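Q: Chain A is fixed; fit chain B onto it per the hints.
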Amino acid sequence: ETGVTQTPRHLVMGMTNKKSLKCEQHLGHNAMYWYKQSAKKPLELMFVYNFKEQTENNSVPSRFSPECPNSSHLFLHLHTLQPEDSALYLCASSRDGAGAETQYFGPGTRLLVL
Amino acid sequence: DQQVKQNSPSLSVQEGRISILNCDYTNSMFDYFLWYKKYPAEGPTFLISISSIKDKNEDGRFTVFLNKSAKHLSLHIVPSQPGDSAVYFCAASVDTGGFKTIFGAGTRLFVKA
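As you go down the protein sequences, you meet chains A and B in turn.
Counting from 1, one number per residue, gives the positions in the first sequence under our numbering.
Counting from 1001, one number per residue, gives the positions in the second sequence under our numbering.
Same shape as in the complex, but just chain A (with noise of 0.2 Å):
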């Protein structure tokens, strides 16, 4: 139990569904991050938020969308994606982003895009 907690942990969609993937942190962090792992690939950085404020996009496609409510909550609304989507979703948070800080990873979204 690492104090993230990511939902659904599983998800199957297609490619017109709209749907969204929680994370939530209670370590009282302030920043929180989301990352796409394809398989054999590296841990991608997809969105940063800062004090609830978005601080790295990573030229990530329009079709995903991070929300960041306050500093707990972090949301990442799909909209129309395509089977090359499909991946694990990693929700992470940090103290406050500033240095080298050490991530504590949720357990992710398996999100399957048929």
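Hints were generated in silico from the structure; no laboratory data involved.
All figures in this text were calculated on a predicted structure; none of them were measured in a lab.
Where hints are given, some of them may not hold.
Partial selection, computed: residues in chain B whose CB lies under 10 Å from chain A [claimed, not checked]: (1) Gly1060; (2) Arg1061; (3) Thr1063; (4) Phe1065; (5) Ile1102; (6) Ala1113.
DSSO-like, lysine-lysine: derived pairs with alpha carbons at most 30 Å apart [said to hold, decoys possible]: (7) B:Lys1037 to A:Lys40; (8) B:Lys1112 to A:Lys40; (9) B:Lys1071 to A:Lys40; (10) A:Lys41 to A:Lys18; (11) B:Lys1100 to B:Lys1005; (12) A:Lys40 to B:Lys1100; (13) B:Lys1071 to A:Lys41; (14) A:Lys22 to B:Lys1037; (15) A:Lys40 to B:Lys1056; (16) A:Lys41 to B:Lys1056; (17) B:Lys1005 to A:Lys41; (18) A:Lys52 to B:Lys1068; (19) A:Lys40 to B:Lys1068; (20) B:Lys1054 to A:Lys41; (21) A:Lys52 to B:Lys1037; (22) A:Lys40 to B:Lys1005; (23) A:Lys41 to B:Lys1037; (24) A:Lys41 to B:Lys1112; (25) A:Lys22 to B:Lys1056; (26) A:Lys19 to B:Lys1068; (27) A:Lys41 to B:Lys1068; (28) B:Lys1068 to B:Lys1056; (29) B:Lys1054 to B:Lys1037; (30) A:Lys41 to B:Lys1100.
Idealized CB from N, CA, C, for every residue including glycine.
A: For chain B alone, coordinates are given in the frame of chain A:
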């Protein structure tokens, strides 16, 4: 362009022996290196780290070595235990106006009993 590379997708080691996981990087501006460990159905968890101003950091059975001239780091686990079987990710951090952590693709370690 992968800045952090783990060229061995998997490694198999006998229980009690040493496991050596390797990582190469290309960006000489990286100033902090971390290793994370991931079990199936769980997120990565932090294992050990090293600052670029050091060449060795040890924590129990885990030691990380950094060779800056070769842009290479390695994680040594000794003695290896079956519970160490997991995927190990190498990561490096750099200040690009905000710190950014870049991960390798991971190496799957099998420790045989």
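Q: Decide, hint by hint, whether the structure agrees.
A: For each hint, the structure was consulted:
1. Interface restraint check for glycine 1060 of chain B: the shortest CB-CB distance to chain A comes to about 17 Å, outside 10 Å, so the restraint is violated.
2. Annotation: interface hint on arginine 1061 of chain B violated; nearest CB of chain A at approximately 19 Å, more than 10 Å.
3. Nearest Cβ of chain A to the Cβ of threonine 1063 of chain B: about 18 Å, over the 10 Å cut. The hint is violated.
4. Evaluation of the phenylalanine 1065 of chain B hint against chain A yields a violated restraint, the C-beta minimum of about 18 Å exceeding 10 Å.
5. With 10 Å as the threshold, the beta carbon of isoleucine 1102 of chain B comes within range of chain A, its nearest partner Cβ sitting at about 7 Å, so the hint holds.
6. Below 10 Å, beta-carbon pairs count as interface contacts, and alanine 1113 of chain B has none with chain A, the closest being about 26 Å; its hint is therefore violated.
7. The suggested pairing of lysine 1037 of chain B with lysine 40 of chain A holds, with an alpha-carbon distance near 15 Å, which does not exceed 30 Å.
8. For the hint linking lysine 1112 of chain B to lysine 40 of chain A, the alpha-carbon distance of about 23 Å falls within 30 Å, and the restraint holds.
9. Annotation: proposed proximity of lysine 1071 of chain B to lysine 40 of chain A holds, straight-line Cα distance about 22 Å (limit 30 Å).
10. The hinted pair formed by lysine 41 of chain A and lysine 18 of chain A meets the criterion: a straight-line CA distance of about 26 Å does not exceed 30 Å.
11. Taking the CA atoms of lysine 1100 of chain B and lysine 1005 of chain B, the gap is about 16 Å. The hint holds against a cut of 30 Å.
12. Distance hint between lysine 40 of chain A and lysine 1100 of chain B is fulfilled; the C-alpha atoms sit about 21 Å from each other, no more than 30 Å.
13. Distance hint between lysine 1071 of chain B and lysine 41 of chain A is fulfilled; the C-alpha atoms sit about 21 Å from each other, no more than 30 Å.
14. Only pairs whose Cα atoms come within 30 Å are accepted, and lysine 22 of chain A paired with lysine 1037 of chain B is accepted, the gap being roughly 23 Å.
15. Restraint check for lysine 40 of chain A and lysine 1056 of chain B: the C-alpha separation of about 28 Å stays at or below 30 Å, so the hint holds.
16. With a C-alpha separation of about 27 Å, the suggested pairing of lysine 41 of chain A with lysine 1056 of chain B holds against the 30 Å cut-off.
17. The suggested pairing of lysine 1005 of chain B with lysine 41 of chain A holds, with an alpha-carbon distance near 10 Å, which does not exceed 30 Å.
18. Pair hint lysine 52 of chain A plus lysine 1068 of chain B does not hold up; C-alpha atoms about 36 Å apart against a cutoff of 30 Å.
19. Proposed proximity of lysine 40 of chain A and lysine 1068 of chain B is supported: the alpha carbons are some 26 Å apart, at most 30 Å.
20. Proximity of lysine 1054 of chain B to lysine 41 of chain A is assessed by CA-CA distance (about 28 Å); at most 30 Å being required, the pair is judged to hold.
21. For the hint linking lysine 52 of chain A to lysine 1037 of chain B, the alpha-carbon distance of about 28 Å falls within 30 Å, and the restraint holds.
22. Distance hint between lysine 40 of chain A and lysine 1005 of chain B is fulfilled; the C-alpha atoms sit about 12 Å from each other, no more than 30 Å.
23. For the proposed pair lysine 41 of chain A and lysine 1037 of chain B, the alpha carbon gap of about 15 Å is at most 30 Å, so the pair holds.
24. For the hint linking lysine 41 of chain A to lysine 1112 of chain B, the alpha-carbon distance of about 25 Å falls within 30 Å, and the restraint holds.
25. For the hint pairing lysine 22 of chain A with lysine 1056 of chain B, the CA-to-CA distance comes to about 38 Å; that exceeds 30 Å, so the pair is violated.
26. Under the criterion of a C-alpha separation no larger than 30 Å, the hint pairing lysine 19 of chain A with lysine 1068 of chain B is inconsistent with the structure, at around 44 Å.
27. For the hint linking lysine 41 of chain A to lysine 1068 of chain B, the alpha-carbon distance of about 24 Å falls within 30 Å, and the restraint holds.
28. For a cut-off of 30 Å, the pair hint linking lysine 1068 of chain B to lysine 1056 of chain B stands: about 11 Å separates their Cα positions.
29. Restraint check: the Cα-Cα separation between lysine 1054 of chain B and lysine 1037 of chain B comes to about 22 Å, which is no more than 30 Å; the hinted pair holds.
30. Simply put, lysine 41 of chain A and lysine 1100 of chain B have alpha-carbon atoms about 18 Å apart, close enough for the 30 Å limit, and the pair holds.
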